[in-house]
Every structure is written in C-alpha cells, then in structure tokens.
Amino acid sequence: MITFTQNLQIIPINFYLVFCAILFCIGVTGVLIKRNALTILMSIELMINSVNLLLAAFSAYMNDPAGQIFVFFIMVVAAAEVAIGLSIIVVIYRTTGSIDIDVLNKLKW
Amino acid sequence: MTTLIILSLLGVFVLAEGILKKKSWQLPTIFLGLLISLFATIGSWNSNAHFYNEMLIIDNFAVAFTALLIFITFLIFMFAGIYYAAVQRSLDDIFAIMIFALVGCVIMTSFGNLIMLFIGIETLSISLYVLAGSHKEAITSNEATLKYFLLGSFLSCFLLFGIVLIYTGSGSFNLAVIAQYTANNTNHLSPLFQAGLFLMITGMAFKIAIVPFHFWAPDVYEGTPTLLTAFMATVVKTASIIALYRLFVCGFPAIHETWETLLWIMAVLTIIVGNFTGLYQPNFKRMLAYSSISHSGYMILAVIAFNSRTANALLFYSAAYSIASVTAFGILILIRGTKGNDQFSSFKGMAKTNPLEALCLTIALLSLTGIPPLAGFMGKYYLFMAALEKGYLWLVILAVLGSAVSVGYYFKPIITMYLKEGNGEKFVTTISYKTAIIFLSILTVILGILPFLMMDLL
Chain B
1 MITFTQNLQI IPINFYLVFC AILFCIGVTG VLIKRNALTI LMSIELMINS
51 VNLLLAAFSA YMNDPAGQIF VFFIMVVAAA EVAIGLSIIV VIYRTTGSID
101 IDVLNKLKW
Chain G
1 MTTLIILSLL GVFVLAEGIL KKKSWQLPTI FLGLLISLFA TIGSWNSNAH
51 FYNEMLIIDN FAVAFTALLI FITFLIFMFA GIYYAAVQRS LDDIFAIMIF
101 ALVGCVIMTS FGNLIMLFIG IETLSISLYV LAGSHKEAIT SNEATLKYFL
151 LGSFLSCFLL FGIVLIYTGS GSFNLAVIAQ YTANNTNHLS PLFQAGLFLM
201 ITGMAFKIAI VPFHFWAPDV YEGTPTLLTA FMATVVKTAS IIALYRLFVC
251 GFPAIHETWE TLLWIMAVLT IIVGNFTGLY QPNFKRMLAY SSISHSGYMI
301 LAVIAFNSRT ANALLFYSAA YSIASVTAFG ILILIRGTKG NDQFSSFKGM
351 AKTNPLEALC LTIALLSLTG IPPLAGFMGK YYLFMAALEK GYLWLVILAV
401 LGSAVSVGYY FKPIITMYLK EGNGEKFVTT ISYKTAIIFL SILTVILGIL
451 PFLMMDLL
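As they're listed, the protein sequences go chains B and G.
Going by the numbering used here, the residue at position 68 of the first sequence is 68; the numbering climbs one at a time, nothing skipped.
Going by the numbering used here, the residue at position 240 of the second sequence is 240; the numbering climbs one at a time, nothing skipped.
Bound conformation, chain B alone (with noise of 0.2 Å):
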C-alpha cells in the first residue's frame, strides 16, 4: 500500500524547492514594484505561502510533524497581520483619499 507521504514523494523535492522560490520572488518583485497598499499586502501573503508550501512538503519528506505543525502557526501570524494590515490601509484611506503609498511623502530627511 502507497501511504501519502510515499505518494508525494514521487515528485523530487527540488521541484518544490524551485517552485516555492519563484512563487517567493513573485512575490518580492510585487512589494518592491508596485505602488498600491492593497497589491503589496496580496504580495506578502504570496511570499507567506510559498514558506508554508515549502514547510508543508520538507516535513512530509522527512517525516516530521513540527514543519506542519509551524505552517498553522504561521497562518494564525499571517491572519492576524493581514487584520491589522487592512484596518491600517482604511485609516490611510480615510485621512488622505488614496491608498496609493506616494502620497505618504510627509516624513523624510
């Protein structure tokens, strides 16, 4: 009988690897480009799951439960950022009209 981890296995773990660090230069190449709040969040949270994605597939490989157990963790932190994240994009947009994050020019040397 062919047990999950097993049937995972079947792809080398390289695949995941590259796979997860392009997902994650997606993402950094969003944060650093874009100008929007809104689409800089949605890349941090893809850099957030390509960790899990990457986390989750290790530990099936070596057969150890506490990466997986790190990936709920890591989706509680992530949640709560992203509450916060929003609350903090809708104050923004109440005081200056914009979420766009030039107009946020007031402090600088």
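A hint or two may mislead.
Stated by the list, open to error - Okay, derived cross-link-like pairs now, BS3-like style, lysine-lysine, Cα gap no bigger than 30 Å in a straight line: (1) K426(G) x K352(G); (2) K352(G) x K420(G); (3) K434(G) x K22(G); (4) K339(G) x K352(G); (5) K136(G) x K34(B); (6) K412(G) x K106(B); (7) K23(G) x K136(G); (8) K21(G) x K136(G); (9) K22(G) x K106(B); (10) K21(G) x K434(G); (11) K147(G) x K34(B); (12) K106(B) x K352(G); (13) K22(G) x K136(G); (14) K390(G) x K412(G); (15) K434(G) x K348(G); (16) K106(B) x K34(B); (17) K434(G) x K352(G); (18) K136(G) x K106(B); (19) K348(G) x K390(G); (20) K106(B) x K23(G); (21) K339(G) x K434(G).
Stated by the list, open to error - A short, non-exhaustive set of chain G residues, derived as facing chain B with CB atoms under 10 Å: (22) L114; (23) E137; (24) F161.
To be verified - Computed Cβ-Cβ distance ranges for the label pairs, DEER-style: (25) V12(G) x T29(B): 35 to 43 Å; (26) N46(G) x M42(B): 46 to 54 Å; (27) V12(G) x P65(B): 30 to 38 Å; (28) V87(G) x A80(B): 25 to 33 Å; (29) M42(B) x N184(G): 35 to 43 Å; (30) I22(B) x E257(G): 28 to 36 Å; (31) F74(G) x T3(B): 53 to 61 Å; (32) F15(B) x T186(G): 26 to 34 Å; (33) K34(B) x L359(G): 46 to 54 Å; (34) N36(B) x F215(G): 18 to 26 Å.
Derived from the structure by calculation, the hints contain no laboratory data.
Glycine residues also receive a C-beta, built at the ideal position from the N, C-alpha and C atoms.
Dock chain G against chain B, hints included.
This is chain G only, laid out in the frame that chain B set:
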C-alpha cells in the same frame, strides 16, 4: 513562564477595566501588575526550567533580561499619565497592546526553538504596528504605521524563509539540535542552511534597525507618538538584540567565522552611518532615532565578541542606554507638550526656567555619549574590553571614534539649553514627573559609580 502568564492576564485585565469604564484604575493596575511580574521573574532565578519540549528555556540569561525589560516598561509607564493627560477617552487599548508587546519581548529573551522566536517577533511587531498608528488623526502617525507595517511584514517573510531553510538543512527547529548539527558539519554545511543563515541575519537586522536595514527607523520613530517611540527605542531594541544574541550564541556558535565577518561589517557601518547622519538632524526626536541606531551598532559588538562575560556587558549596556534614553524621551514629552514642536530652538533658556529638567537631560545625554562618571561610560568600557579580548582592535578603534563624533549632536541641546537666551516661558511640570526624572538620573549616576551592582550576575 509565570511571568508570561501574569503579563498576559494583566493585558486582558486592563482591557476589562476599559469595558467597565474605570479609567482611573488603569495606571495603578499596570504598575501593580508589572511589579508582581518583576518579582515573579526574579523569583525564578537559578531555576533553569525548560517548558514544552524546550520551546521556552528560562535560564539566568533570560531571567536577567526579562527583569530588565519589565523594569524599563515600568519606567516608561511613569510618563504615560503626563503624556496622555489631555486625552479624554479611555486608553485601555494602547496600554493593553503595550503590555502584549512586552509579552512578545519576554518570549524573545527566552526562546529555545525557532518557532518561538518567530512567534515572539510577530507578537511584538503586530502590536507595534498598531501602537505606531495609535494617533490616527495625525497623518504623520498614519504614514509611520503604513511604512512600518509594509516593510516589517516584508522583512518578516525573509526571516521566515530563513527559518525554513535552516530547518531543511538541519532537520529541526530546536536551537540545541541546530547547534549540534553545525558542530558536526562545520566544514560541509548544506548550501540551503547557509542561505537560510543569511536570510535570518537580514530579517533580524531589520528588526534591530542596523545599517543597511535602518532606513525605516527615523521615519517611524518620528511619526509615532513620543511615549511609544520611547518604548520602541528602548524595550523593543533591547529585546531584538537579545534575540539576535541568543540565536547566534546558542544556535550557531560552531560556525561563527561564517557570520561574524558579516556582523562586523554591519556593526562598523551602523556606528559610522548612525553617528554621522545624527549630526545633520533638524529636530531632537530624529536625533534620538539616529542615536538609537548607532547604539545598536555598539550592542552588536557583544554578539560578535561573545564569550563568558559579554552577556553581562550587554545587560549593563542595555540598562544604561535604556535608562538614559527614557529620560531624554521624558524631557521630549515635556517640550512637545508645551511648545508643540521639538526643534532645537525650543530648548533655549531651559536652564534658567527649569534648572532641574535641564540638569536631568544633561546627565542623560552625557551618559549616552559615554562621559566617565556615568553609566554609559561603564557600559561602553565593558563592551569594548570584551571585544578587545577577542582581538577586534580595529572594530573598537572605529567604535571609539564613532562615540567621539556623537559628542557633536548630543551636546547640541545641552549648549542650547545653557548658553542661549529664551523668551522666559516656563515648562509646567507635576510632582510625579519630577520624581520620575530624578529617579532616572539617580539610577544613571549610581550605575556609573557602582557598576559592580550589575556586573558578575550572569
């Protein structure tokens, strides 16, 4: 562990008082709760307890720094009543979130597992995003919180990716197992592990605000309400440095050649950039932001030159730095409250109208510079001696030159206070405010004259 439970309950309790509309009870409850948790922390000295599969390790290192962080939070709360005197609404949310941020700091001092490190950092950061934007009518506060949030969560992802790569290399999140792995494979570390190490350094460097990841700090410190800036510049900075120290000294001592060069360069850059940029700041709050950046450069020395005595030197240095910084921020609260701005011109004639406050600010700034009879000098002395023992002569020379440069901006407010004539407007202070700053100045002087009170603890 008891400390964590007491602090979490205290936060919930303060929120409940907000619901019951007992505004006058809040600060007394907080002081009482912080004192109880301080005694509970000191009570676990020498217990060396491990909790939940080594998730939390309460050794003497953790106890000493937890006690220090709770004490500094106590000092900051002494100014809360004055800072929020004009605010009518109940402030239970801000106070409770400050206490929850302190819970995150306590986790960061005592983690034994990378999962707990991440949870601690995120508990702290998410609380700070809210605190930075807590003055939501002011556009500067909004801007500070958005910048801090976007950059903070972006760099947290790098830290997270680093943790995962270290997990894939070593097969565990436990610091003791990782240390074992690095000791066994010193010369043939997996490339994933090395990549993870550098990503983690990036993430931690951002949280501490060391060059080249410091660019957010001046903007965020300036936009944040002053009381909370004091919290960020002292408690949060100390907790982040301790997390870095614990991570590298407990997790990767066997491969210190790999990371110490990188931290060496970062420390030198931090000291040079922090001190030289501090010279050109137009106002006091931004100047204190650059001062905190350059001081984190000195504290990195303890991580680079780790030996049996650096933990104690770091404890002394962070105590001296935090007490002096809290005094400076306390005076800043007074000046902003009266004059509405914190330009250096607001300090004119302060020595005539308010000699006591001027003297306390002078003591604090001299201690930050590192002038001999005060606590800051002894802190720098112990740190530099520890670095010299390890043979980092050039690093120490650059650090001493950096402190010499810092005289240029620390003396600016002192000269303005004592030598420039003001318009004679007096700053109105209360008895509790005077008691607080006198207490802080006495602590600075006592630690400088009798440094052995805090040495030889660890």
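Numbers of unmet hints, in rising order = Violated hints: 9, 12, 14, 19 and 20; rest satisfied.
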